[in-house]
Structure formats: structure tokens, C-alpha cells
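K.L.:
One letter stands for each residue in the lines below.
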Amino acid sequence: MELTKNITLGVYLPGETAIHRLDPRTKIIAATILITLLLFIKSYEAYGVFLIFTAAIIIVAGIPFSYALCGLKPMLPVLILMWVFQLFLYSTAEAEVLFSWWLFTATDEGLHMGNLITLRVLFLFTVTTILTLTTSIVNLTDGLESLLKPLRKIGLPSQELVMTMVIALRFVLILAEELDKIVKAQMARGVAFDRGNFIQKTRKVFPVFLPLFINAFKRAEELIVAMEARSYSGGKGRTKMKTLHPGRIDLAAGGIMVLFAALMVYLIISAVPRV
Amino acid sequence: MNLSVRKIVISGILGAISILLGVTRLGFIPVPTPAGHATIMHIPVILGGVLEGPVVGLITGAIFGLFSFLQPGAPFFADPLVSVLPRLFIGVVSYLVYYSTKKINNVLACVLAGAFGSATNTVLVLGMATWRGYLPAEVSLTIGFLHGVPELIVAAILTVILVKGIQRIRTSED
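Chains as they are written, first to last, in the working numbering: chain Y, 1 to 275; chain A, 276 to 449.
It is worth saying that the hints were derived from the structure and are not from the lab. The hints are all genuine.
Simulated pairs of lysine-lysine, DSSO-like, Cα-Cα distance not exceeding 30 Å: (1) A:K439 <-> Y:K204; (2) Y:K73 <-> Y:K42; (3) Y:K181 <-> Y:K204; (4) Y:K181 <-> Y:K201; (5) A:K377 <-> Y:K204; (6) Y:K149 <-> A:K282; (7) Y:K242 <-> Y:K153; (8) A:K282 <-> Y:K242; (9) Y:K218 <-> A:K378; (10) Y:K181 <-> A:K282; (11) A:K377 <-> A:K282.
The following block holds chain A by itself, in its conformation from the complex:
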């Protein structure tokens, strides 16, 4: 595997945004459920996958996961199987969804990539948390619904706005 300077820098900076959203708590939208808050910390990972491909998505996801393991926002994240492993898939899924639907329509592809990326995060993290015995299955389902849905909507909207914004800058610079 070879990493270009471009991939290194962009994954690093997207990882930094994800960490930043975590330490400033800006990435948390308070929702009163056992997981405490809906998150938008995974948006940089989705963007990494959509804008730069699966490798950047994977590395950004790893940084996001590692951070949420080392400075956990919720107790069950203090287990790498819950915090790191599921996050590796977010960027890859977003990339696959974006590139398989891009030909139809760019905006639609962004919406789908955001939604699927966010759903990957919700389903895998809660699935892992249940499997490892931190949350009972009914609670996971409730959280999944109460958090997953708003997260999914926010992620879909933000992905469209951000991808379009960044793509516009890039074409104007070229």
C-alpha cells in the first residue's frame, strides 16, 4: 500500500476535525437517551470517503475511532471493539454508496452516502455495544431509533452542503 502526500494530509486534517468536534462537544447534539447525545463526529469520515476515496475514509475512521476510545464520550466506547472497529467501515461504505450512485445524480449520491455512512456508524456501534453486553437489546433499539434517525438526517444534509461547497472551491481553483 502506498500513501500519497495528498491522502496523508487530508486524512490527518479530517481526523483533526473529528477530534475537535469531540473535545469541544460541538459534535454532540444533546438527546436524552442512554447514549447521551446524537453525534456528528462521523461527518468528516463520510466526507473523507466521498471526496478522497476509501483509503482516506478508512484512515479518518481509524483516527475518529482511536480518539473516541482514548477520550471516550460514553462509557461503552472505552472498549476498542465498540469504538474503533465499527468506525473503520463508515468511510468505506460512504465511498461505495457515493461511487455507485454518482452517475445518477451528484446530490442524490451525497444524500445517500451521508445516510448510509451514518447508518453504518449507528448500527455497527450499537450492535457491538449490545453484543459486548454494555446495553440490553431493547435499549439499543430505542437509542438506534432516537439517535440514528436524527443523525442520519443531519448527516445526509451536511454531506450534501459540505461536498458541494468543497467541490465548488476545487473546480474554481482548477
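Next up, chain Y with everything else stripped away, as it sits in the complex:
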């Protein structure tokens, strides 16, 4: 049971490619546009174009495909199960029946819904993974802080909220290692995590959770002291040693993004609504 092996969230793959060199703000805005588009895509043609676009980004960024997708591995069984359930459960009165067996009836509506939703999950996952794989956490913070700065005017502590997100992302990996140690320690004491029924499995979670939370809270106290000792004060009157400067490459990326978004919007609007 290797828990940390398939975690790609919050991992940064250093590189010198065009995608890596983009201003983090460009990347964050682009990712937001892609995610928003995903919420509206309802046709396979649009997903096809989207697939080509994401694949192109992965190639340009020089991320090995196997690595970009390995975070999906633990999700696969659930995704397949979900797809099957959508297939059998989702239907409307006028849906065409594909086949039925015993209590289960598969309709074309269900198939379509299952496909669309599964594709959306896969792409959401890939887009966010690409963003964190090609953007270092420092850049991500700077970018988000700078983008959310206007929210300060309406009273939202945007810098502090970004800091919270960054701590969360950072600590996923730190706590994952800790969790690994706890699980191994418990296994060494003879706990078999993969055996037993629902109740037995649930009971085995308790001796893992308590040390995990207590260690996390201890780390939190240490971090609070460390941050207070350095007089962390959120966004008030803080300046940056390195400021962000969008360059020509960002303009080019922005142009590509606008063209792609326009194409997607066209595909979404022109898609024949399925009955």
C-alpha cells in the first residue's frame, strides 16, 4: 500500500518550456477559462477538439503522458462504476431503450449522460494537474494574489485566502508522507487494512486518523509560531522582491486561448441539443 505514489496534485515538474515560462496569471486565467468551458460542453465533437488542445499543451510542456495521467489511476474503478450507474439510472420518458436485463434498463440518454459526465471528470482532472505540474507553488501564489487583489476593495482578505490555499496544497504532500509512516507503523503491528467488511474496515481507520490529526495540529502550531515570528501580516503593505511581468509569450498564449475559446463557444452553441 503505497499512498504517496500516485499523488500528482501540488507536485511541480521543473522545466524551461514555453508553458513553464508563461506568466502564472496567464496560466491561471487560461485554466479558469478551460474549466468554465468544460462545464458547458455537451457534444463529442467539442470534447474531441478539447482533447487535441489539452494533448498539445501536455506535449509542449514536456510532461510525460504517463505521469500526467497517473493520478487518475486510483480513480479509475470509481469512474467505471459511476459510468455504469449513470447508464442504467439516468433516463427520461422519451429515451430510447438500448437493452434491458432483469431490473436494469440501459437507455441512450443514460449512455450519453454517463459518457459526458465521465469525460468532464477526466478533463477537469487533467487541466488542474497540468496547471500545478507546470507552475511552481511560489509562482502560483504570486499569480493568484495578483489576480485576486481587486477583491480586497470589497473587504475580502484575498491574500490571506490565497495563503490558506497554498498551505493546503503544500501540506498535502507533507501529510501524505506522515500518513504513509503511520499506516506502515500500524501494518507492522499487524493491522490488515485491505481485509474485512465495511465495519471492520471503518474501525481500522480510527488508529490512523488520531495520530494524523494530532500531528497535523502540532505542525500547525509550529507554523503559526514561525509565521508570527516573521510578522506575517497578510497583504497589508507588502511588496514583492520579484514582480510579475507578462511578456510577448503571454500575448501569444492569450491569443491562442481566445481563438480556442471562440471555437469552443461556437461548438457549444451550434451543438444539436439532444432530446
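Since chain Y is already given, all that's left is putting chain A on it; use the hints.
P.N.:
Quick look at chain A alone, frame taken from chain Y:
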């Protein structure tokens, strides 16, 4: 609104635990229903509300929701109205329940906060999923019963154990 360093750090770390439970699948207890699994990913959010107040509960809930939207564990979470919005209420509800019952008994308050927090998650998420048309109402009710009840029990027990554990450490350090 002003956020102290304490609130920032604790919401961040609780959010991290919630994400961790998601990526390692440790937060999922397999139950064979259309939603796939019962979850304990919302426990950090409940703890945030109980131990640090409504603001931390809200922010931790937002991180949990955002994560389950961006790296969805079930297809209908790929909609922010189902994944993010309901999660904002978990911590706030837990806080309100805990503080209104704390005077009676600390353990009872923890049990209730865990149970109500968990129920908030189940009811609002499934309600939203039904309303947005991802699940038929009967299926939602079945899932709500099959998942909601075990989740509620696990959440109540875990909240007591964890809150007591952390409170003990805190008093011993003071």
C-alpha cells in the same frame, strides 16, 4: 473581515487533510451504491468548525469543495453547485450545533456537531445533485440512507475522538 495567522494556518492544514483523504482514497469507504462510497473527507471541515469557529469551518469547507470539484471522485461533483456550495455549510452548521450544546456536555456536543455536520453534507449534496438532474429522486433517497447513516455514525464517533484528543494536547501544552 480579518483573518489571523492562526485561522489561515489551521484552515490550510485541515484543508490539506481533506484533500489528502481524497487523493489517497483513504477518505472513501466502499459502499456499493450509485455514489460509489461513503466519505469521511468532510471530517476535517467539521473539526475546523468545532475547534476554531465558523470562519475556519467555512474556509476548510471551501477548500474541500474546490478540491472535489477540480479532482472529482464522482461524476456529479464536476458541477460547482453540487461540489462547492453545499460544503460551505458543513463547518458553519457544526460550529452552531457545538456551541449551542457545549454547555450541556462536551462529548454530547461533539457527537451532535459531527452528526449534524455530516447530515448537512449528505442532504445538501444529494439535494443539489437531484435538483440539477444528475440523480433521480428515489436514487438520492436510497444513497442518502445507505451512505448518510454510516457516514453520520462514523463522523459522530471520529469527531468525539479527534476533538477530545486535540483538546487534551492543547490543555497539556498550555
